[in-house]
Amino acid sequence: MTKKAFHTTNAPQPAGPYSQAVEANGFVYTAGFGPQDAANGNAVPESVGDQTRQVLRNVQSALGERGLTLNDCVKTTVHLADLADFAEFNEAYKEFFSEPFPVRTTVGSQLANILVEIDAVAAIPEGK
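Going by my numbering, the sequence shown opens with residue 1, and the numbers climb by one from there.
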C-alpha cells in the first residue's frame, strides 16, 4: 500500500503528528476538522450551524488538494458537543451535499471549545 498526504493552508493546521488528508487504496481520508477559519486568523463562528458550514469548508479545502469535492464523499463522522444541536447542525450540513448522500455517523463528544468536528472519506473517481 502506498499513501500520500495532502496539505492546505486554507484549513486549520494539524495540532499534532497527523496529516490533514491522506490518499490510500482509492480513497482520501481527512482528519477531523474543527470550525476554525484559517483565512480569518482561526476565528470560530458562534452557532452550531455556522460552525458546521466552516467545518465543511475546511473538509472541502483538504479534499480539493487532491482534486475532489464533497460530492466524492462516501462517509462522514460527525462529533457534536451537544446532541440537542442536531437539527440546526443537520440543516447546515445538508447545504453541502447532494444525493446520494454519504453515509454518516453522528455522535456526542466532549470537544475542546468547539461545537462540531467532522472527518470524511472520499472515493477517488476513475481517471482522477
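The hints are simulated quantities; they were obtained by calculation from the structure and are not laboratory data.
Treat the hints loosely; a few may be bogus.
[What the hints assert, rightly or not] Dumping the calculated SDA-like pairs for lysine to any residue here, alpha-carbon to alpha-carbon at most 20 Å:
no., residue 1, residue 2
1, Lys4, Gly32
2, Lys3, Val74
3, Lys94, Thr69
4, Lys128, Ile114
5, Lys3, Tyr29
6, Lys75, Asn42
7, Lys128, Val74
8, Lys3, Ser19
9, Lys4, Asp37
10, Lys4, Asn40
11, Lys128, Leu111
12, Lys3, Asp72
Computed from a predicted structure; not experimentally measured.
| message | For a C-alpha distance cap of 20 Å, please report whether Lys3 and Val74 respect it. | response | Given that 20 Å is the threshold and the Cα spacing comes to 19 Å, the pair holds.
| query | Given the hinted pair Lys3 and Ser19, is their alpha-carbon gap at most 20 Å? | reply | holds, 11 Å
| message | Checking one constraint from the list: CA of Lys4 to CA of Asn40, max 20 Å. Satisfied? | response | Given that 20 Å is the threshold and the Cα spacing comes to 28 Å, the pair is violated.
| task | Take a quick look at whether Lys3 and Tyr29 sit within 20 Å of each other, Cα to Cα. | result | holds, 10 Å
| When you check the alpha-carbon spacing of Lys94 and Thr69, does it fall within 20 Å? | holds, 15 Å
| said: Need the status of pair Lys128, Leu111: alpha-carbon distance at most 20 Å? | reply: Given pair Lys128, Leu111 is violated - Cα atoms ~35 Å apart, limit 20 Å.
| query | Is the Cα-Cα distance between Lys4 and Gly32 20 Å or less? | reply | holds, 17 Å
| said: For a C-alpha distance cap of 20 Å, please report whether Lys75 and Asn42 respect it. | reply: violated, 26 Å
| task | With a cut-off of 20 Å on the C-alpha distance, tell me whether Lys3 and Asp72 pass. | result | Between Lys3 and Asp72 the Cα gap is close to 18 Å, so the pair holds against 20 Å.
| said: With the threshold set at 20 Å, check whether the alpha-carbon distance from Lys4 to Asp37 stays at or below it. | reply: violated, 25 Å
| For the pair supplied as a hint, Lys128 and Ile114, is the alpha-carbon distance within the 20 Å limit? | violated, 34 Å
| said: Hinted pair, alpha-carbon criterion (20 Å max): Lys128, Val74. Please report holds or violated. | reply: Roughly 16 Å between the alpha carbons, so the hint for Lys128 and Val74 holds.
Comparing the model with each numbered hint stated earlier shows that hints 4, 6, 9, 10, 11 do not hold.
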